[in-house]
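Please build the complex by placing chain B on the supplied structure of chain A, with the hints as guidance.
One line per chain: the protein sequences are A and B, in this order. According to numbering that gives the first Met the number 0, the stretch in the first sequence is residues 0 to 350, in order. According to numbering that gives the first Met the number 0, the stretch in the second sequence is residues 0 to 110, in order.
Because the hints were derived from the structure by calculation, they are not lab data. Computed from a prediction, not measured in an experiment: that's the story for all the values here. Check the hints yourself; a few may be wrong.
[Claimed, not checked] PhoX-like mimics (lysine-lysine), calculated; alpha carbons at most 20 Å apart, straight line:
1. B:26 - A:228
2. A:170 - B:76
3. A:311 - A:48
4. B:15 - A:228
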Amino acid sequence: MIHTSLQKRNSDLAQSNRQLEFLSNGIFKNGDLPTFKSKLSETAQFPLKAKKLEILQINVGYMCNQVCAHCHVDAGPDRKEIMTRDTMLQCLDVIKNTGAHTLDLTGGAPEMNPDFRWFVEEAAKAGIKDFIVRSNLTIIRANKKYHDLPQFFKKHNVHVISSMPHWTQGKTDKQRGDGVFAKSIQALKDLNAIGYGIPGSGLRLDLVYNPSGAFLPGNQDALQRDFKKALLDDFNIQFHNLFAITNLPIARFLDYLIASENYEDYMYNLVEAYNPSAVSNVMCTNTLSVSWDGYLFDCDFNQMLELPVNSKVKHISEYNEDLLENREIVISQHCYGCTAGAGSSCQGSVI
Amino acid sequence: MQKTYYDPADLKKFSKISEWNETLGEKFFDYYGKVFEEGALSEREKSLIALAVSHTVQCPYCIDAYTGDALQRGITKEEMMEALHVSAAIRGGASLVHGVQMMNKVNKLEM
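Next up, chain A with everything else stripped away, as it sits in the complex:
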């Protein structure tokens, strides 16, 4: 089990340009596999264009109390990047002036940002239809100062989306760290106790499933059925939906793929599973990702690869809907992850 970020380990792959080299060279450069661009071109879907903004996803920092084996953010306790209140104010201006119906706060563990609660309170006043916080669950049990988070979420009608790679301890702890499963179960019980995940309560609790290894997620509906049955039977826990997300070959998951000699097979699987009908619904077409320091990206993955939006507007302080709409989405081979099978987005399958 790893305990530090790639950055802390001074790994080559902590550098985004090194990751992009992997994704561009080798099997893609020698023609064994088609590039994502050529695959899009085959079905006249290149260039991929952004549509109207619907979801603003804000990464409020890379600090996290966990060091998950597959983390595409390379987050962890040793990461200090954190969004300041000034940048949050710039985000709030955009939230108030845009037609985006969903605000999606992510990290790291977003709750570890010292201005997290202030930001939630201010953003909640903006009348966003779906206000998401991506919680890793264990943060709720990590320290006394976080124990009241469920009540705080309820007060502001926050939609909680939490990672849960499996309904068994072994698979969960292997991906997310020793003891994570037990703490996650306790956190889910805390959320259920005040109504989260309970049918009819209006307090939405969804879970995110990432495969715990070099394989793609199975059918989302079937996985949801199995998760619901197991968590209810074993722990009397309820939740609304399960989102099955494909692991994208970047950061720590890329490091794992290379170290375990699974990289080429995984890329073959992604390319083989390419589904052209998933392309029109990939999340980058209606989402804008804001980094901890306010820069704009097509998605959280492009943020980690330091591939900024293809627009004159680069920073949230310069936000201009006209200039950002219809922009050309920046792509590389990692994008195969969002178009494999039933497709993948932060909200799970796309078809």
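Only chain B this time, still in chain A's reference frame:
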């Protein structure tokens, strides 16, 4: 150069079997697809049966394919191993139960 009878890359070429006999190939894959659809048994249960049978028929392609399929469905390694033991028990039992024939024969032939 190392030569083996099995090449993992051949698994991806399975559908090419139809190229030399499209009619029968398509009939097989239609049937195959139908067999694994949800019915009285769930797709998950069918995946575990397939994994167990893969070991019984000792098909390395099938073992690779259905191990991956099981992982995709969230099936745990404990469930996979139990399924494998079921196939091993049947396989072992199938040998052993023929021992009755051996015993019958011995009893008939011996004074």
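A quick look at each hint next to the structure:
For the given pair, residue 26 (chain B) sits about 36 Å from residue 228 (chain A) by alpha-carbon distance, which is inconsistent with the 20 Å threshold. Of the supplied pair hints, the one linking residue 170 (chain A) and residue 76 (chain B) holds, its CA atoms being roughly 9 Å apart against a limit of 20 Å. Between the alpha carbons of residue 311 (chain A) and residue 48 (chain A) the distance comes to roughly 15 Å, so the proposed pair stays at or under 20 Å and holds. Distance restraint check for residue 15 (chain B) and residue 228 (chain A): the Cα-Cα separation of roughly 39 Å exceeds the 20 Å cut-off, and the hinted pair is therefore not satisfied.
The structure is inconsistent with the numbered hints 1, 4, although it conforms to all the rest.
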